[in-house]
Structure formats: structure tokens, C-alpha cells
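Asker: Read off the chains here:
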Amino acid sequence: MLMINLILILLIGGVVAIFSERLGADVPRKVALAVVIIDLIYLLIALSTIPQLETLQAPVPSDPETWLMHYSVEWIPAFGIKIELALDGLSMLMVLLTLILGAVAVSASWTDIKVRQGFFEANLLWTLAGVLGVFMALDLFLFFLFWEVMLIPMYFMIAIWGHENRGYAAMKFFIFTQASGLLMLVSILALVVIHHGNTGVWTFSYFDLLSAQIAAQTAFWLMLGFFVAFVVKLPGFPFHTWLPDAHTQAPTAGSVILAGILLKTGAYGLIRFAVPLFPQASMEFAPVALWLGVAGVIYGAILAFGQTDFKRLVAYSSVSHMGFVLLGVYAWNILALQGAVMQMVAHGFSTAALFMIAGSLQERLHTRDMREMGGLWQNMPRMGAIAMFFIVASLGLPGLGNFVAEFLVLLGLFQVDRLLAVIAALGLITGAAYSLLLMQRSFQGEPDETRQLVDFGTREMLTMAVMMTALIVLGIYPQPILDISRPVVESLISFSSIVTGGSL
Amino acid sequence: MNGSQMQALMPILMLSLTAIVLMIQASIKRDEKATWIITVVGILLALWGAGYARDFSQPVTILLQVDNWGLFFTALVLLASLVTVVLSQDSFSSEGGSKEEYYLLLVLSALGAVILIQSSHMASLLLGMELMGVALYAMIAFPKKGLLPLEAAVKYLVLSGCASAILLFGFALLYAATGELSYKGIGEKAALAYISNPLLVMAGTAMVTAGIAFKLSLVPFHMWTPDVYQGAPTPVTGFLATVSKGAVFVALARIYMDAELHQYESLILALSVLAAFSMLIGNLLALLQEDIKRLLAYSSIAHFGYLLIVLIALTGSEMASEAVTFYLAAYILTTLGAFTVIARVSREDQQKSQISEFEGLFWRNKIQATALTIAMLSFAGIPLTAGFMAKFFVINVAIQGSHWFLLSALVIGSAIGIYYYLRIIFSMSKTSGNDIGFRDRSGDITALLLTVLILMLGSWPQPFIAFAGGL
Numbered sequence: 001m002l003m004i005n006l007i008l009i010l011l012i013g014g015v016v017a018i019f020s021e022r023l024g025a026d027v028p029r030k031v032a033l034a035v036v037i038i039d040l041i042y043l044l045i046a047l048s049t050i051p052q053l054e055t056l057q058a059p060v061p062s063d064p065e066t067w068l069m070h071y072s073v074e075w076i077p078a079f080g081i082k083i084e085l086a087l088d089g090l091s092m093l094m095v096l097l098t099l100i101l102g103a104v105a106v107s108a109s110w111t112d113i114k115v116r117q118g119f120f121e122a123n124l125l126w127t128l129a130g131v132l133g134v135f136m137a138l139d140l141f142l143f144f145l146f147w148e149v150m151l152i153p154m155y156f157m158i159a160i161w162g163h164e165n166r167g168y169a170a171m172k173f174f175i176f177t178q179a180s181g182l183l184m185l186v187s188i189l190a191l192v193v194i195h196h197g198n199t200g201v202w203t204f205s206y207f208d209l210l211s212a213q214i215a216a217q218t219a220f221w222l223m224l225g226f227f228v229a230f231v232v233k234l235p236g237f238p239f240h241t242w243l244p245d246a247h248t249q250a251p252t253a254g255s256v257i258l259a260g261i262l263l264k265t266g267a268y269g270l271i272r273f274a275v276p277l278f279p280q281a282s283m284e285f286a287p288v289a290l291w292l293g294v295a296g297v298i299y300g301a302i303l304a305f306g307q308t309d310f311k312r313l314v315a316y317s318s319v320s321h322m323g324f325v326l327l328g329v330y331a332w333n334i335l336a337l338q339g340a341v342m343q344m345v346a347h348g349f350s351t352a353a354l355f356m357i358a359g360s361l362q363e364r365l366h367t368r369d370m371r372e373m374g375g376l377w378q379n380m381p382r383m384g385a386i387a388m389f390f391i392v393a394s395l396g397l398p399g400l401g402n403f404v405a406e407f408l409v410l411l412g413l414f415q416v417d418r419l420l421a422v423i424a425a426l427g428l429i430t431g432a433a434y435s436l437l438l439m440q441r442s443f444q445g446e447p448d449e450t451r452q453l454v455d456f457g458t459r460e461m462l463t464m465a466v467m468m469t470a471l472i473v474l475g476i477y478p479q480p481i482l483d484i485s486r487p488v489v490e491s492l493i494s495f496s497s498i499v500t501g502g503s504l
Numbered sequence: 001m002n003g004s005q006m007q008a009l010m011p012i013l014m015l016s017l018t019a020i021v022l023m024i025q026a027s028i029k030r031d032e033k034a035t036w037i038i039t040v041v042g043i044l045l046a047l048w049g050a051g052y053a054r055d056f057s058q059p060v061t062i063l064l065q066v067d068n069w070g071l072f073f074t075a076l077v078l079l080a081s082l083v084t085v086v087l088s089q090d091s092f093s094s095e096g097g098s099k100e101e102y103y104l105l106l107v108l109s110a111l112g113a114v115i116l117i118q119s120s121h122m123a124s125l126l127l128g129m130e131l132m133g134v135a136l137y138a139m140i141a142f143p144k145k146g147l148l149p150l151e152a153a154v155k156y157l158v159l160s161g162c163a164s165a166i167l168l169f170g171f172a173l174l175y176a177a178t179g180e181l182s183y184k185g186i187g188e189k190a191a192l193a194y195i196s197n198p199l200l201v202m203a204g205t206a207m208v209t210a211g212i213a214f215k216l217s218l219v220p221f222h223m224w225t226p227d228v229y230q231g232a233p234t235p236v237t238g239f240l241a242t243v244s245k246g247a248v249f250v251a252l253a254r255i256y257m258d259a260e261l262h263q264y265e266s267l268i269l270a271l272s273v274l275a276a277f278s279m280l281i282g283n284l285l286a287l288l289q290e291d292i293k294r295l296l297a298y299s300s301i302a303h304f305g306y307l308l309i310v311l312i313a314l315t316g317s318e319m320a321s322e323a324v325t326f327y328l329a330a331y332i333l334t335t336l337g338a339f340t341v342i343a344r345v346s347r348e349d350q351q352k353s354q355i356s357e358f359e360g361l362f363w364r365n366k367i368q369a370t371a372l373t374i375a376m377l378s379f380a381g382i383p384l385t386a387g388f389m390a391k392f393f394v395i396n397v398a399i400q401g402s403h404w405f406l407l408s409a410l411v412i413g414s415a416i417g418i419y420y421y422l423r424i425i426f427s428m429s430k431t432s433g434n435d436i437g438f439r440d441r442s443g444d445i446t447a448l449l450l451t452v453l454i455l456m457l458g459s460w461p462q463p464f465i466a467f468a469g470g471l
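Sequence order for the protein chains is E and A. The numbering of the first sequence is the numbering used here, which starts it at 1 and goes up by one. The numbering of the second sequence is the numbering used here, which starts it at 1 and goes up by one.
Just so you know, the hints here were simulated from the structure itself, not pulled from any lab data. Since this is a predicted model, take the numbers as computed values, not measurements. Every residue, glycine too, gets a C-beta built ideally from N, C-alpha and C. Keep in mind that a hint or two might mislead.
Said to hold, decoys possible - Straight-line alpha carbon distances no greater than 30 Å define the calculated DSBU-like cross-link-like pairs of lysine-lysine that follow:
hint, chain 1, residue 1, chain 2, residue 2
1, E, 30, E, 114
2, A, 144, E, 172
3, A, 145, A, 155
4, A, 155, E, 30
5, A, 145, E, 30
6, A, 144, A, 29
7, A, 430, E, 172
8, A, 430, E, 114
To be verified - From chain A, some residues computed to sit far from chain E (all C-beta separations above 12 Å):
hint, residue
9, 158
10, 224
11, 265
12, 277
13, 377
14, 380
15, 416
16, 418
17, 465
18, 468
Please model the complete structure; the sequences and the hints are all you need to start from.
Answerer: Below, the structure written as C-alpha cells:
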């Protein structure tokens, strides 16, 4: 029930937020913040009572009883569809990340959203609810449902409160994810129909479908359906073109959620579904996926270098960073996968913070064009210092979370393919180039003395402090995260190697 | 014909009775309010009759086949007629003049649809289709002002007449080949006749299919659809899209099942081509529309393309008939939901159905905007709506039959479709100068009820699936 409650709290909180607007324009955001924090506390209390958390035994992918939590109830028996939710170390990390960044997003919307706050905060909470569902659903039908439904509130956030070109961006975002989602739906259904043909049982449960017997040729096509859906969301090269538009046009809170959380659902889907459901096919496909990953790393970095729009630059840098996740997943060994998980968490924080800074700049300067910035450090020293922190985090400075992540991925990748590891390592250099360019153009240089700008206030400093602490902890003492994700990663790898006869 | 057969015909009898009462009432004293009430009561009685007749399912003479499946669609068609009656009450109020005849025509058209749904013989099929069609011509042309309704009615009349002629000629050819006119009889003799005279059977089925495809506005027989949708008064457009098309599709499904036409590969191929073209061209042309009624016309073309997949995959899947039931139910509810809102928004002036008219609707009337949003999401096949479950069924059936080519057309078509459905939602979410809320709350309850039904069918489909499986 706990997992259902987590989602329900957010859904109901959204409705409350809409109606709370009648009490005053600034009530909804307080309600939203309270709802997210209540949800987080509720989760933490519940987690603290789970005995397995201390021993952290490896969950067997196909046996729900070994997972941290498992909940299942009939929904549409005609097709064997259940409301089945489960939590293991990986999903737990993602759920925590979602809720923390959710609170950050509410904070980012504090002064940014000036009209219809109630509906905005409701959409924000509903998106979070959908994302939580994606991270916890283990019935493929339910997973698909959350996958699609979370797009709608996100679409509204971009389409109603976005910037100048919001209609185009929202539409593009929705069509890319929806169209690729349709491919996944066909794959899911084909998988279920084949399983039904073999066993005579209708089921959408992940735990049952893991053992589905599929002909190699068919498995390849089905895997591709999942792969495309997840890589569009990730986004991986060449399906990334929706991302710069959506991120740039979305309001700050929307960008935070998009970059911080929504992109991770793609990575999560690859780790949880695409590879374990079709290990053999994924192994055959891995070289292509790895090349796509490298292409994303390099191409994203080059495009980021060419941007003049602050947000667009950060958006393209996400393409580059998420390329590392793709590399980590398809290198499919313990080091690389741990790195991918680490990258998901670290990138969530660093990019969310950068988008918040971009949003604050836009709020103050009414532009995102870096050519009109420069010397802002003098105007706003606190913001400058914080921006510096997150920019070096994003370029992979040792001691911060992103470095650990990218280093682990490269280490794991090196065991699989040296050439690719070498090329991908170039991404660290290009990353430094565009990140420092971002810093120079906006915060350094000649200050415009005529500007009267308000520096970061308490609320913003507090939000930033949360994310800075997280990145420092991740960078200096990453062991807890690695400990949580390791059993999951190990059992996934051993599971898929049993299926493929040890060749993956 | 015995007593229990009469009882089986209860919905038809009730509708006929309503039509007679309406005529008598109009000849005694013309009173629009009274006519409206009689119509509503008559349709409600017919709905009751559809439930009542369930205990008497049987073939009634050679012409009609009363069974649970048909009775369910009868109920659905009656529900759609009821919604149309409710919408019509407001819709023409600015027209001036009385419209007693309109309700009479509507009842007659619904009667034709019910006969069509229950027909098991070419004669009753033609009878039902013409009764439905002829009444509909007059309904389309009913508004006295403006040229568009007249243009639409004439266009529909002429083209529909041609289609009926082709259909009739198809019947004649089939009769020449088999000597039968009942669906089952044709099915039994057609296989033999096909060996001795393949051309006659092929030409006959092709012409029957073309005639029906016209009514369903499948590509390439779709030319009339956008003009008629746009020109007809909005409630009538909704009626045409739900009652007329739904009834014709049920008739088509019956012919295919009873006459076992799915065994003829060339026919299946022809249907596949129709389906693929309808899905792709319907969706593509919908992209270009600025008028929401024209847009929905093209969207309905695409939806009948999706639905046709089920008919093609009839033999390969055990759940094909449930899929037809679910899809038609979802389509009819969603279409009604959409036209309820459109009728409300464009009520003042028939021409106000441009997409730009819907700008800012979210901030003007939340209920109407939400209803239209849910309807659009359901059309687009987003989870939790009836449209998603319907598409889920179609994809499932198509996969079971391994129709990968049609499946890819469906995926491409749906992907294109998202754009124009979202366009409407986006338009409603815009903040325009047009931000005056409308006080008048009429039509809200209908919209709300339909929305709840769409959401229920999408998020809690189990009871309905079990029900559809038992039909």
C-alpha cells in the first residue's frame, strides 16, 4: 500500500493545490511544497522499518519476494493486468531523487510562476506522481500507463507557462515521446501475446515475462521497440532533437523536472526492461547502442559549445551527459552500470541546479542570451559562486558526484571496448570547454554597472545548498549509493548471463 | 410471427410508436416543448425495450436477427440519439421557427439505424440504410439560414444515392451468383458459386464493400465527409458520426461474420488497402484543417481504418468481436463527448467551429474544456481513456493475426494524429483576449457524464470487457 499511497498523496495534493488558489495566490506553492515533503518523510519513515535495507541482499529479478517492497492487486483480469508495484535499490534511489528534485522544482517555481499558480503546482505534482509510478510499476501495462500519462501534465506545464516558442516545443516533446511510446506498446503487447501463445496465460507482470521464450529474430524487433522509446526519452543521439526545445521553452520548474527526473526514466527503462527482458538481443545490439552513446557524448558537447542561449547550452550538455548513461548501460558490467546509476543521480542534481540558475537569470535579466550577460559575478557574487560550483561539477571535477559517475562508466567501458572508451573520454575535455565557456560568457568579463540585480535570497540559497551537499557527498563518499545499487546491478547481470549462457 | 418474436422487436416497435405519436401530436397542436418531451420519452422507452428484448433473442423472420450483440449496439445508438436530442434543443434555438419535424426525422433515422444493426438480410439492410439516410438528408438541410447545410445535404444526397445504387447492384450480382439474399444463405452458396463463376461473386462483394465503405467514409470513398461534417448543424454531425457510421459498421461486421467472407483472400486484401489508406490519408489530411468539424471528419476516417483491422483479423483472434464492441463503444462515446462541447461553443452561430474559436476555453468554461480535452486524449489513445483501451484491443488483435503491415500503418497514423488532437488542446490552453466566461451552464451535465463514461471505460474496463465477452 505504501507505494500506492506515495502516488496518491501527490495526486490528491495536486487537486488540493488547485483549490487552495482561492485562499490566495501564494498558497498553492506552499501546499505543493508541503505535499512533496510529506511524501518524502512518509517514504523515509517507511524505508527505515524495512529490515532488508541493512543487509541489502541481492533481489532476484524474477522473484518479487526478494525485493524491498512488493504490492500486487488484480486490475483487469481479462488480460491478467495487475496493479503491481515493487521497489528495489535502483528504484528506491530514483524515487528519492524524484521527491528531492520535486521539492527543488517547487522552490524553483516560487516566484517564477505568476499566473494560475494552482493549476501549475497541480501539474507539477501530477508529473511527479507519474514519474514515481514509472519507477515503481512492474506490470508492463501499468508501466506504460504511467509512462504516457506523466506526459500530459508536463505538456501543460510547457504549453501554458513556457517561454516565447512554447507551443512548438510542447508539441514536439509530446509527439516524440508519444510516437516512440506507441512502438513500445506494440512491443509490450507482442511480448505478452507470444507469452500467452506459449503458456496460455495472459500476464503483463515483469516477473513472469522475464522468462518468456521468444525467437531470436522476434526478440530483436521487440527489443528495438523498447529501445527506441527509452532512448528518445534519455535522450540518445539521434533522437535528442526534442530536448533542447522542450528544456529551453519550459518554465524553470519544468526544466528542473525534465532534466532532473524525466530523462532518468529513459535510463531506468533501459536498465530495468530493455536489457533484462531481451538479454540476447540486447547483447547483439550493444555495439550499435555503444556507438550511439559515444556519438551522443561528442555531438552533444559540440552542439553545446555552439550555443548562445544559456538554457540551450545546458540542454545540449544533458545530451552529452546522458550519452554516458547509455554507454554505462550497454557496457553491462558492474562498474559501468554502477557508473550509469551514479550519473543518473549526479546529473539530476547538477543539471537541475544549472536550470534553476538559468531561470533566476531569466527572471532578473529577461533574457537567456549569454551575449547580453557578462560580469554577473560582480552583480551577484553568491549566484556566481554557486554557478561556478555546478559548472565544474558538470564538467566532471574530481571530488564531485559527476566525476565518480563518468569515471566509473569509462572504467567499465574500457573492459568492453577500448577504442570507444578513449573516444568517450574526449567528452570530458569537450565538457570542460563548453562548461567554462558558459561561466566566462555569463559571469565573468566586464560587468554592466548600470544593472541593479538582486542576488540569491535565502530560499534559493537553501535549495542550492541541498543540491551542493548532495553532489559533494556523492563525490567524496559515493559508497552508500554504490552499496544500494550494487546488489541490483549484480543480480541483473547474473540473471541476464544465465539467460544468454554467460556471454553478456 | 409469434408473441415472443414481437417482444424481441421491442426497441423497433417503441421507436415506430414514437414516430407515429409525434406525427399525430404535430397534426393536433404544434408545440416544440411537447415534441421534445415525447421524443425523449420515446427513446428512453426504446432503450428499455432493448434491455427487455434480451430475454427474447432469436431470428425474427428471415429479415432480422435479434441477439445480445445487436441489442447492445441498439442501446448505444439510442443513447447517441438521446444525446443528439438533448443537444438539438439548444442548438437551433436562435434559428427561429419550430422544429417538430426535426425530432420526427431524428426518430426515423434512429429507427433505420436499429433495423440496420439487426438486419440479417440484404432487403432489411437496404431498408434500414435508406430510412436512416433519407431522414438524415433532411436533418442536415434543416437550418433555414445559410448555404452550407444545403450544400452538405445535396452533396450527401447525391453521393449517397450513388453509393446505394452500387450497393444494390452488388446485391443483384450476388443474387445472380447464389440465388440467396440472406447473409447466411449467401455465405453457404458463395463458396460453390465462386468456383463456377468467380467474377460474379468478386464483383458482387466488391460493389457491396464499396457501397458500405462510402457510408463509413473509408478512403478513397471519403470525399463527402469533411463538407458534410462541416455543413451539417453540429448535433446532426454528431449523429451522423456516431449513429449512422456505427450502425453501418455493425451491419458490415455482421455480413462478414455471417457470410464468412473472411475466407476470400482478395477481399481481405482489398479491405487491408482500404484500412491502410484510411489510417494514413485520414490522419494526414486532418493535419491541414482549420475547422474542428472538418478535422473530426478526417479523424473519423482514420478511426474506421483502425476498426477495419479488427474485421480483417477476425479469424486470427478469439477476442475480435469484443474488440469491435469495445472500439465502437469507445468511439461513439468519445465522438459524442467532442460534439457536445463543439455544439455548445459554436451554438450562437453555425459557422463558429474554427479551432481558433476554442482559444482560452480552459479559462472560460473549465468543464467544457476538460471534456473536450479528455475526448481528444481518448481519440489520440492516451491511457486511462476509453480510446486507449480500444486501441489496445486493436493492436492486440492485429498482433495475434500477425498483421504487421497494418500495425505499422496504425502506429504511423496514430503518431500523426497526436499532432492535431494536441493542437486543439493547446488552442484551448492559450490565453486569448477572449477570456469572458460564459455564465450559461447548459450542456455541462451532458459533457460531464460523457467524460466520466470515457474515463471509466478507460480506467476500469474489466466490467465492460466481461460484459462484451458475454454478448
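Asker: Which numbered hints are broken by the structure, listed smallest first?
Answerer: Checked against the structure, the hints that fail are numbers 2, 4, 5, 13, 14, 15, 16, 17, 18, while the rest are satisfied.
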